[in-house]
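A.B. asks: Each chain is listed here by its residues.
Number of protein chains: 2
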Amino acid sequence: MTVSIIGIGLLGGSFALAVREKYPKMRFIGVDASPVNGQLALAKGIVDEILPLNDAVAQSNLVVLATPVNVIIDLLPLVLDLVPQGATVLDLGSTKELICAVADQHTKRAQFVAAHPMAGTENSGPGAAFRELLPGKNLIICDREKSNPESVTLAESLFRDIGMKLFYMTPQEHDLHLAYVSHLSHISAFALGLTVLEKEKDEQAIFDMASTGFGSTVRLAKSSPQMWAPIFDQNRVNVSDALAAYIEFLQQFKQVIDNQDIKTSLDFMQRANVIRRVLDGIEKR
Amino acid sequence: MTVSIIGIGLLGGSFALAVREKYPKMRFIGVDASPVNGQLALAKGIVDEILPLNDAVAQSNLVVLATPVNVIIDLLPLVLDLVPQGATVLDLGSTKELICAVADQHTKRAQFVAAHPMAGTENSGPGAAFRELLPGKNLIICDREKSNPESVTLAESLFRDIGMKLFYMTPQEHDLHLAYVSHLSHISAFALGLTVLEKEKDEQAIFDMASTGFGSTVRLAKSSPQMWAPIFDQNRVNVSDALAAYIEFLQQFKQVIDNQDIKTSLDFMQRANVIRRVLDGIEKR
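Residue numbers (UniProt numbering), protein chains in the order written: chain R, 1 to 285; chain G, 1 to 285.
Among the hints, erroneous ones may be present.
Treat identical chains as interchangeable: a pair holds within one or across any two.
List time: in silico EDC-like cross-link candidates among lysine to aspartate or glutamate, alpha-carbon distance up to 16 Å [as the list claims (entries may be wrong)]:
1) K22 x E132
2) K108 x D81
3) K199 x D241
4) K201 x E173
5) K165 x D208
6) K263 x D233
7) K137 x D208
8) K108 x E150
9) K199 x E248
10) K137 x D161
11) K146 x E97
12) K44 x E132
13) K25 x D161
For the record, the hints were derived by calculation from the structure and aren't laboratory data.
Build out the structure end to end from the sequences listed, making use of the hints.
C.D. replies: Have a look at this one:
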């Protein structure tokens, strides 16, 4: 069996490393816009060879799209045009509504499986890929009924084999939920990083005085702009709603602090504390 | 030598545990508004006995104020009234301007040392205290020249002995910097927790779909409201400025997303990425 990974970064690379461990004889082809990333992926043992997109897809049983989501939109029709009969195209993009809409326009829609692993780090590129990223994490498959049973079986088998837990929903549900539990927290971290860098002119002071709590909150501000700009764009309606709600809470909190309204300040934080129930569950995974 | 810890929670308890390891014969008295916390602190070996405030202070060479900052404001004049000649009063509060102003009004100001360890977790109470919290972290001392040399020597010796790195600044500088590198990130996390809990009605979806990135960003939303409400209140001018700047960046980001202005979106995130330089340093500590 031959698998092509289009975009050999954190996610595509980590998927390949995990699957290779379970299937040592599977052949992996890498496709990447960056020749250096291709060389690094070879040197790291993520893929066995690097080929141009057309050559890779033509000889693959499975093609995994793991590029930024704007590139997935561009490549998906092309890859479906090229993919052999009986082969499967899988995407790992962080948005699902637009990608699934593009897939729905294609005559070979049934060969496509839309997936999104709930995993990542703030790092990117083949150097950031590691075998342990996906095992134990959750995976969402959208519009499962639109994919043919053989393609679903292949995708689900590989994800289960590397220890992922599968969930199913519509692309609309996926994008709405992700706006709140992922996209918003990235924007809050980017904006926090910007605020501290631009308002706190004394960088040494940030360094000396910031504790691990600051590091934790702002960590996602290190994430790849090239990956996130198209995610925010494709999910802009939901992200904009989530941001509006977040800004509203911050404005209320500011008003409460300005008014020295300790009682409401306590109430805000006590309501936020309920998140402990959710977080303690996530940390136990 | 006898040390009283007033408020035997995360910070006071962790300080006592670290100092005890270096000075096994030092006697530790605990004072806490909660009898249960007192019993837990005894059971954990944080202190040797629990006494009422007056009795504890009267027999102490060092009194450490480690309560929420509003309680420090109330207790500081009382403790300075009671403290024996030659003894030292030390506070570990997260704000410094108001606390130092209160101390400045007291005739025994020179017996007081104002300090703030750059360390914490989202947990509270004696159960959350651990010996490794403070070693390796930074500590800020404010208005050092207003404390008498013997009190400074005692405080600095203990902090250095447990492996802390000392920094000096005015209370005004301290509170301004802390608004950006600590207080703002707590508010951003509290508001993020609130937004997700109140707008994302499907709590199971949060649980299934949230990744470790979300957990990291929102972790501080688990922090103690009783500790943080008075910090935000005492530092409200700086915190309000920091929040206004943060809200402004978020509004700009929302506008950029609404306008599908990918170029500016990329630019925002690339500027925020610079925080990596600071964070990589913090993580290495």
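A.B. asks: Which hints from the list above does the structure break, by number from lowest to highest?
C.D. replies: Failing hints: none at all.
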